[in-house]
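> Kindly generate the complete structure, drawing on both the sequences and the hints.
Numbering (the UniProt record's numbering), first residue to last: 1 to 216.
Mixed in with the good hints there might be a few duds.
To be verified - Pairs of lysine-lysine, BS3-like flavour, derived with a Cα cap of 27 Å:
1. Lys-51 x Lys-142
2. Lys-142 x Lys-47
3. Lys-157 x Lys-210
4. Lys-175 x Lys-157
5. Lys-142 x Lys-128
6. Lys-142 x Lys-157
7. Lys-128 x Lys-47
8. Lys-210 x Lys-142
9. Lys-44 x Lys-128
10. Lys-128 x Lys-51
As the list claims (entries may be wrong) - Derived DEER-like restraints, expressed as beta-carbon distance ranges:
11. Leu-124 x Ile-200: 39 to 49 Å
12. Arg-78 x Glu-119: 48 to 58 Å
13. Met-76 x Lys-142: 22 to 32 Å
14. Phe-77 x Leu-34: 33 to 43 Å
15. Arg-211 x Ile-49: 33 to 43 Å
16. Ile-46 x Thr-7: 43 to 53 Å
17. Leu-188 x Glu-111: 43 to 53 Å
18. Ile-192 x Lys-128: 44 to 54 Å
Note that these hints are calculated values from the structure, not bench results.
Every residue gets a Cβ at the ideal spot worked out from N, C-alpha and C, and that includes glycine.
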Amino acid sequence: MDIMAMTAQLAEGFLVTVQIFVLTLLFSLPLGMLVAFGRMSRCKIIKLIAKLYISVMRGTPLMLQIIVVYFAPYYMFRMKMGPSYRFPAVIIAFVINYAAYFAEIYRSGIESMPNGQYEAAQVLGYNKAQTFIRIILPQVIKLVLPSITNETITLVKDTSLAFTISIAEMFTVAKQIGAAQTSVMPLLAAGIFYYVFNLIVATVMEYIEKRLSYYR
Numbered sequence: 001m002d003i004m005a006m007t008a009q010l011a012e013g014f015l016v017t018v019q020i021f022v023l024t025l026l027f028s029l030p031l032g033m034l035v036a037f038g039r040m041s042r043c044k045i046i047k048l049i050a051k052l053y054i055s056v057m058r059g060t061p062l063m064l065q066i067i068v069v070y071f072a073p074y075y076m077f078r079m080k081m082g083p084s085y086r087f088p089a090v091i092i093a094f095v096i097n098y099a100a101y102f103a104e105i106y107r108s109g110i111e112s113m114p115n116g117q118y119e120a121a122q123v124l125g126y127n128k129a130q131t132f133i134r135i136i137l138p139q140v141i142k143l144v145l146p147s148i149t150n151e152t153i154t155l156v157k158d159t160s161l162a163f164t165i166s167i168a169e170m171f172t173v174a175k176q177i178g179a180a181q182t183s184v185m186p187l188l189a190a191g192i193f194y195y196v197f198n199l200i201v202a203t204v205m206e207y208i209e210k211r212l213s214y215y216r
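Here it is, written out as structure tokens:
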């Protein structure tokens, strides 16, 4: 296999990697906010459920969670999902895992806001929803963005765990090509792809941080 053919196959795997990355962020960021609200809820049952969820998701390996999400429908409900369920299973596992981490990041940011912010909003006539959306949330986003950036960069590398259930993302494709050619070159090429993707994500997040800093 020549370099062009190998690059083309790696590019196909790279597209799958990008899909996992984008879909995970798209769903885990808002889900993390909902879990954070549950974690801070005054209802003890909701708070306990959210706390347990976060503890389990952060305390068990992502690889194990992928396996559980993929095989659980069959072993628990005898539902045969088929190979087409592999990609959705990966997305579900990644989303529920990263939502737990984002929830704790959001919670730390929200709880760090001084009470004076809420009191000032109340004086101005804002209700709780308006206070959070217009005053608290913009400040929280600026505050937690560095932590979210770290998790986002970690996500780039974690996408390789999709190989656990034979998703043909870039790492899996590189291993298959390397095994066929008895060469490490495909893995090295995949490493370059990951590095470049990681660099692009880090640059974008840094740009967003700088733009938001103008409004402080």
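> Look at each hint and say if it fits the structure.
Status of the hints after comparison with the structure:
For the suggested pair Lys-51 and Lys-142, the alpha carbons sit about 25 Å apart, so the restraint of at most 27 Å is met. For a cut-off of 27 Å, the pair hint linking Lys-142 to Lys-47 stands: about 26 Å separates their Cα positions. Restraint check: the Cα-Cα separation between Lys-157 and Lys-210 comes to about 24 Å, which is no more than 27 Å; the hinted pair holds. At most 27 Å may separate the alpha-carbon atoms for a hinted pair to count; Lys-175 and Lys-157 meet this at roughly 16 Å.
Proximity of Lys-142 to Lys-128 is assessed by CA-CA distance (about 20 Å); at most 27 Å being required, the pair is judged to hold. This hinted pair checks out: Lys-142 and Lys-157 have alpha carbons roughly 24 Å apart, not beyond 27 Å. Annotation: proposed proximity of Lys-128 to Lys-47 holds, straight-line Cα distance about 19 Å (limit 27 Å). A distance of roughly 10 Å separates the Cα atoms of Lys-210 and Lys-142; the hinted pair therefore holds under the 27 Å criterion.
For the proposed pair Lys-44 and Lys-128, the alpha carbon gap of about 20 Å is at most 27 Å, so the pair holds. Under the criterion of a C-alpha separation no larger than 27 Å, the hint pairing Lys-128 with Lys-51 is consistent with the structure, at around 23 Å. Remark: the range hint 39 to 49 Å for Leu-124 to Ile-200 is upheld by a beta-carbon distance near 41 Å. Roughly 56 Å separates the CB atoms of Arg-78 and Glu-119, a value that falls within the hinted 48 to 58 Å.
Checked against the hint of 22 to 32 Å, the C-beta distance between Met-76 and Lys-142 comes to roughly 42 Å, which is inconsistent with it. The hinted window of 33 to 43 Å between Phe-77 and Leu-34 is violated, with their beta carbons roughly 25 Å apart. The given range of 33 to 43 Å is respected by Arg-211 and Ile-49, whose C-beta atoms sit roughly 36 Å from each other. Distance hint check: the CB atoms of Ile-46 and Thr-7 are about 50 Å apart, consistent with the given range 43 to 53 Å.
Between Leu-188 and Glu-111 the beta carbons are some 45 Å apart, a value that agrees with the proposed interval 43 to 53 Å. Distance hint check: the CB atoms of Ile-192 and Lys-128 are about 49 Å apart, consistent with the given range 44 to 54 Å.
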